[in-house]
Structure formats: C-alpha cells, structure tokens
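A.B. asks: Chains as they are written, first to last, in the working numbering: chain V, 15 to 393; chain C, 15 to 393.
Not one of these hints is a red herring.
Which chain V residues face chain C? A few, computed with CB under 10 angstroms, are given here: (1) SER209; (2) GLY240; (3) LEU253; (4) MET258; (5) LYS261; (6) PHE262.
Think of the hints as simulated: they come from the structure by calculation, not from any bench.
Nothing here was measured: the structure is a model prediction, and the numbers come from that model.
Idealized CB from N, CA, C, for every residue including glycine.
2 protein chains.
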Amino acid sequence: MTEQHPAILTDPSSVGLVATQMYHYDGQLDLESGQQLGPLDLAYETYGALNAAKDNAILIIHALSGNAHAAGYYTPEDRKPGWWDVMIGPGKAFDTNRFFVVCSNTIGGCSGSTGPGSINPATGQPYGMTFPIITIPDMVNAQRLLMDYLGIPCWYAVSGGSMGGMQVLQWVVSYPERVARCIPIATTHRLSAQSIAFNAVGRAAIMSDPDWCDGNYYDRQLPTNGLAVARMVAHITYLSEESMHAKFGRNLRHADAYTWKFDPEFSVETYLHYQGDEFVKRFDANSYLYITKAMDYFDLGVSTGSLVKAMEVVKARFLVMSYSSDWLFPTAQSREIVRALRFNGIDVSFVEIESPSGHDAFLLEYDEMTKLIRGFLEK
Amino acid sequence: MTEQHPAILTDPSSVGLVATQMYHYDGQLDLESGQQLGPLDLAYETYGALNAAKDNAILIIHALSGNAHAAGYYTPEDRKPGWWDVMIGPGKAFDTNRFFVVCSNTIGGCSGSTGPGSINPATGQPYGMTFPIITIPDMVNAQRLLMDYLGIPCWYAVSGGSMGGMQVLQWVVSYPERVARCIPIATTHRLSAQSIAFNAVGRAAIMSDPDWCDGNYYDRQLPTNGLAVARMVAHITYLSEESMHAKFGRNLRHADAYTWKFDPEFSVETYLHYQGDEFVKRFDANSYLYITKAMDYFDLGVSTGSLVKAMEVVKARFLVMSYSSDWLFPTAQSREIVRALRFNGIDVSFVEIESPSGHDAFLLEYDEMTKLIRGFLEK
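Based on the sequences and whatever the hints tell you, model everything.
C.D. replies: Quick look at the structure:
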C-alpha cells in the first residue's frame with residue numbers, strides 16, 4: 015500500500031488518512047425564519063489534537079459547494095485531497111502540529127449534514143422542498159452546537175473563503191465571546207444585487223428542469239441538466255477574464271480548424287461543460303437552491319441598521335484578505351468590512367493579494383495566504 | 015388619431031411612422047463554413063432620403079437581440095419606438111434630414127430575415143438546426159447584397175454597438191472601398207474566452223430544455239424555459255455591478271419583510287425573470303443559438319494572423335467608443351482596435367465614455383454619443 019502511494023502516506027506536510035465523523039443533535043434548532051430544524055446530523059472532520067486547555071481549536075468553514083473534507087485523504091487510492099489541503103497540515107498555514115482544526119458540512123448541504131436530501135423523520139421521506147429555508151446565521155448556530163459538543167469554549171480562530179467567509183463574519187457577531195481571531199477571505203458582508211442575480215439564474219435553471227419535479231426527484235432521474243447549467247454560470251464568476259484568457263484564450267477543442275458545429279468548439283466550452291457534468295455527480299440540486307438562497311439573505315448589518323453597528327460587539331482580531339481579480343466579491347466589499355471594523359476600533363489587518371485567478375484564488379494562492387495567516391496566528 | 019398620440023405623430027425629432035420592407039435575393043450566399051444559404055429574405059427599414067449622388071447613406075447594425083426596427087413607430091398605438099430611436103431622426107446623431115439611414119435584420123435572426131425559423135424551400139419545413147452555421151462576415155455579405163440592391167456605392171458611415179460593432183469592423187475589412195466612416199461602439203475585434211463561456215451557458219440552457227427537441231419545436235411548445243435562462247444570464251452581462259446596485263440594491267419585491275420562500279424575494283430577481291419572460295415572446299431559441307455561435311467565431315485578425323495585418327486594407331476614418339463600466343466588452347478591447355488602426359496610420363478618434371450603465375450604455379448614453387458622432391460625421 016505505502017509503496018503504491020508513497021506521496022499520500024509519507025508526505026510530512028499532509029494530515030494523511032482521515033475520516034468524516036458524525037455528530038447527532040436530537041433537539042430542534044430554531045431558525046431565523048421562525049421555523050425549526052431537527053434532529054440534526056452534522057458531518058465534520060478534525061485534524062491535529064485538541065490540547066488540554068482546549069484553546070487551540072480553529073474552525074474552517076467551506077464555501078457553497080464544499081464539504082467537511084478540508085484536508086487529507088479518505089483512502090490511499092484517493093487522487094485528490096480535501097478542498098483546502100494546501101492550507102491545513104503539519105507546518106502549513108493552519109499548522110496541525112499546533113492547532114486542532116475542525117471543519118463541518120453546512121446544514122442544507124448534501125455531504126453528510128442534514129439537508130433537503132435527508133430523510134425527514136416526521137414523514138420517512140426526503141425533505142425535498144419541505145426543508146425549511148436556512149440562513150448564514152442558522153449555519154453558524156449549527157456549528158455552535160458542534161463546538162459545544164466538542165467542548166471548545168472559544169475558537170482560537172475561524173477562517174473561510176466566499177460563503178465560508180460570510181459565516182466567519184457572522185460568528186463574531188452572533189458569538190463575540192467565542193472567537194479570538196477571525197480570517198474572512200474573498201467574501202462580503204452582504205450579497206450584492208449582481209450576486210443575487212447570478213444565484214437567481216442558477217435557481218431558474220434548476221427549477222425549470224422538468225426532472226426537478228418540485229424537488230421530489232430523489233427516487234428518479236435527477237435534474238442534472240439544470241444543475242449543470244447552474245454550475246456553469248457560477249463557475250464563470252469564480253474565474254477572472256484574465257485567467258480565462260490565459261488558460262483558454264480562443265484555443266480550439268479539436269486541433270486547429272473550426273468544425274462549424276454546435277458541439278463545443280472552443281476549449282473554454284469543453285471545460286465549462288466538464289465542470290457542469292462533474293458537479294452533478296457530487297452535488298444535490300435542492301441543496302444548491304437552499305444554499306444560494308442562504309447567501310442571498312446574508313446582510314450582516316440589516317438587523318442593527320448598519321454594518322458598523324453590527325460590528326460593535328466584535329471582540330476578535332481580524333485578518334481580512336481579498337484578491338485583485340476577484341469580481342464576484344471584489345476588494346471594495348472587503349474594504350467595507352475593514353472600514354466598519356476600524357470604525358469600532360477593532361484590530362484589523364487587511365491585504366489585497368495580487369492574483370490573476372479571480373474568486374478561486376482563495377483555493378489557489380496558498381503561498382501568500384500562508385505567510386499572512388501564519389504571522390497572524392502567532393499574535 | 016393624432017389627438018390620441020400627439021407625441022408620436024407630431025414630435026419633430028421622430029422619424030414617425032415607419033414600415034419594415036423586404037428584400038428578396040434569389041441566389042445563393044456563399045458562407046464562411048463552405049455551405050450556402052439561399053434564397054434569402056432580408057428585412058430592412060430606411061429613414062430619411064437617399065440623395066441623387068447616393069453618397070449620404072448610413073448603415074446601422076443591430077446587436078444580438080435587435081432587429082431592423084431601429085427608429086420610429088409601426089403604428090400610432092406603439093408604446094415603444096425602434097431600438098435606437100434616441101440616435102436616429104431629424105436633428106439627432108444620425109440626422110435623417112441629411113442622411114439616408116438603413117438598418118436590416120441579420121441573417122440567422124427571427125425578425126423577418128431568413129433564419130432557422132424560416133421555411134427551407136427545399137423541404138417546405140422550417141430549417142431548424144439544418145440551417146447552416148453563419149458568421150459575422152456572412153452577416154456583412156448579406157448586408158452587401160442589400161447595399162447593391164439599394165444602389166449605394168459607398169456607405170457614408172457604418173455604426174453599431176456590441177455585435178453590431180463587430181459587423182462594423184468586418185465591413186471595413188471585407189469591403190474597404192465601400193465604407194467612408196466607421197463607428198464601432200462597445201465592441202471587440204474578437205470574442206474573449208469569458209464571453210464565449212457566457213454564450214456557452216446560454217446555449218446549454220436552451221439545448222438542455224426538453225422542449226427544444228433538437229430545434230424541431232416550431233409546431234409545438236417552444237423551449238421558453240431554456241431561452242429565458244439564457245436571456246437572464248446574458249442580461250446580467252449587459253448591466254454593471256454599479257448599475258444593478260443603484261437600480262435594485264437589496265430591495266425586496268414585497269414590502270419590507272422576507273417571505274422565506276423560493277419565489278423571487280429581491281427586486282433584482284423579479285426584474286431578471288421579467289426580462290427572461292418578455293424575451294421569449296419575441297425571440298426564437300434557434301436564432302439565439304446561431305447568433306451567439308456567430309459571435310463566438312468572430313476573430314477579425316485570425317485569417318491574416320493579426321489584427322494589425324487585418325486592418326492594413328482599411329480606408330475608412332474611425333470613431334471608436336467604449337464605456338467605463340462595460341465589462342462584457344471592456345475598454346481594453348476597444349483600445350486594442352485603436353492601437354491596430356493607429357499602427358496602420360488610420361485616422362481614429364477614441365473616447366471612453368464615463369457611464370455607470372455597463373454594456374447597455376450604448377443604448378442609453380445618447381447625449382454624449384450624439385455630440386461625438388455629430389462632430390465625426392461633419393468631417
């Protein structure tokens with residue numbers, strides 16, 4: 015085994031083989047909508063060891079299509095590690111020699127935690143569209159249940175990019191006493207009209223797919239066409255014009271001549287179709303509806319009247335990062351967060367990292383992020 | 015009648031009531047793909063009068079979803095004039111007191127000119143997906159047939175925005191002797207990977223709609239769901255983040271409280287759905303496929319090896335305009351055109367117009383455009 019996969023099992027910077035664990039909560043979670051959700055399952059993974067003082071725990075929060083598998087490998091045969099393996103491990107930015115790193119799948123998701131594809135114990139059938147609307151604060155409240163279960167009084171740090179970053183911001187507002195350091199990356203304190211619009215297109219693609227059947231498709235053909243289109247359009251927003259030009263330009267799929275057909279003609283088309291087709295193998299269309307809806311609702315300052323007011327309670331220190339070519343959650347939106355923090359006298363470092371990779375840079379630019387995060391976590 | 019609609023019939027700056035005319039070409043048009051298309055119908059409109067010297071004709075070219083109805087009204091009851099009525103009329107930028115203005119619907123379209131929804135005389139059935147692939151040069155070649163039919167030796171000017179601008183650029187390369195002045199607006203000399211990607215999403219939405227039926231839907235339910243999604247995503251690219259924020263922000267559809275439902279919650283969602291639903295009433299899904307494909311193929315310098323080389327033949331003078339917030343065909347792409355023209359010693363004026371309106375600015379910012387175009391047409 016080790017001879018076949020030496021890199022996975024002998025890499026000193028990898029957390030190695032990991033397993034997803036399940037936390038079952040038998041109560042009811044009160045949701046922002048006024049509804050309740052429960053009992054709850056939360057899929058989570060941990061890397062490193064919790065110390066005796068229980069003060070070395072870091073929460074990592076995934077983005078829209080992520081899951082609890084942030085680092086390491088499930089089996090020696092795995093070709094890909096967890097989604098943020100470049101950042102989590104011995105000697106990495108989130109150093110598992112020192113920290114106990116926790117990542118859980120969001121409620122509403124489809125990778126182990128209770129979501130619309132889960133069986134509703136009241137009916138014995140999948141929730142489908144009877145699943146209640148969930149929000150970013152609801153996601154954070156579910157994570158707090160897990161935190162209590164793990165016996166962690168205060169996170170040493172919470173970090174995540176994109177929708178993960180929204181939850182990071184929500185954490186310090188919902189539970190200011192329970193977060194010491196906060197690292198929101200490539201994110202926003204409220205979804206813009208343009209981002210809501212892109213989410214609306216994705217949902218329209220899914221909900222107009224006849225296979226969607228009002229969400230009751232779990233025992234039949236899945237709405238793969240609609241979900242693939244939703245993923246294709248979202249994927250464009252994760253890249254930059256610059257990176258798409260560098261990666262694909264006008265390269266043709268087949269050699270050097272036009273085919274004059276409607277099959278994908280350019281490499282970028284093939285790539286996008288591939289992204290759509292791969293996504294439907296691992297993601298549930300109803301989860302996509304619920305999670306994009308949660309993002310739409312996110313507006314951290316709405317209940318207090320302003321972001322500055324919402325940030326008044328914050329006790330954590332901040333490292334805010336954005337990427338120069340991210341047009342989904344551009345630097346200007348991170349600057350709004352930084353301004354609100356500074357207005358409240360909160361200790362905040364802000365860095366816009368130069369990168370051509372667009373929004374996806376938070377999954378790619380690990381060198382620069384590692385330097386910044388390592389320094390920040392020392393303090 | 016005039017008492018009911020005084021504005022339409024008495025406005026001295028309007029071309030007033032107009033009618034679409036049809037030009038029938040009985041031959042075959044040789045297409046870039048090697049196929050042929052014919053016989054051809056071309057729907058066109060004219061405003062103003064051709065002078066005796068036949069040297070005052072201006073060609074206006076529409077964008078993806080446009081048509082021959084560029085100015086005026088079909089009936090006194092019309093609530094909306096032609097798509098560029100703000101620019102065409104007595105005393106306007108394209109002054110019909112002085113110029114004979116021509117606009118024709120593109121081949122492949124669905125507003126009178128021969129397209130996939132037209133009857134193929136060889137079969138007596140709609141072409142559907144047996145319609146040949148067309149390109150921007152093919153569109154221009156069809157316009158040249160109309161030009162010859164109208165007896166116009168040389169256009170005083172050609173102008174258009176977006177896909178219209180691509181054809182404008184193609185005109186001066188395909189027929190350098192037949193264009194005196196060239197006004198490409200908010201356009202590009204070749205479609206970028208990102209733009210191809212957005213077009214690919216739109217086509218995927220249409221072609222995965224079961225009602226599309228491989229394009230054979232003309233006698234049954236139309237693929238309205240797929241076409242609406244295609245329009246929704248395209249519409250986002252026509253606006254800017256800034257304009258969407260100013261127009262919609264996070265305004266709610268219903269009063270001031272969340273509904274916690276999957277119906278559109280935010281005004282921007284309602285708006286986008288409305289855009290999709292209106293579009294399917296007037297546009298053919300197969301035309302959408304063919305025209306976006308034509309845009310994908312557009313690369314003015316590809317056959318000569320470079321844009322600079324392609325521009326060597328140009329004889330026209332240029333006014334190039336872009337908009338500061340247009341991210342579909344951003345200013346940098348107009349600058350590439352300007353550089354290639356200047357390299358060839360061609361007389362070119364270039365203006366980036368400050369506007370928050372994104373790509374759609376070419377339909378909206380008529381004050382600034384009018385000043386610039388009026389001055390340019392004097393020379």
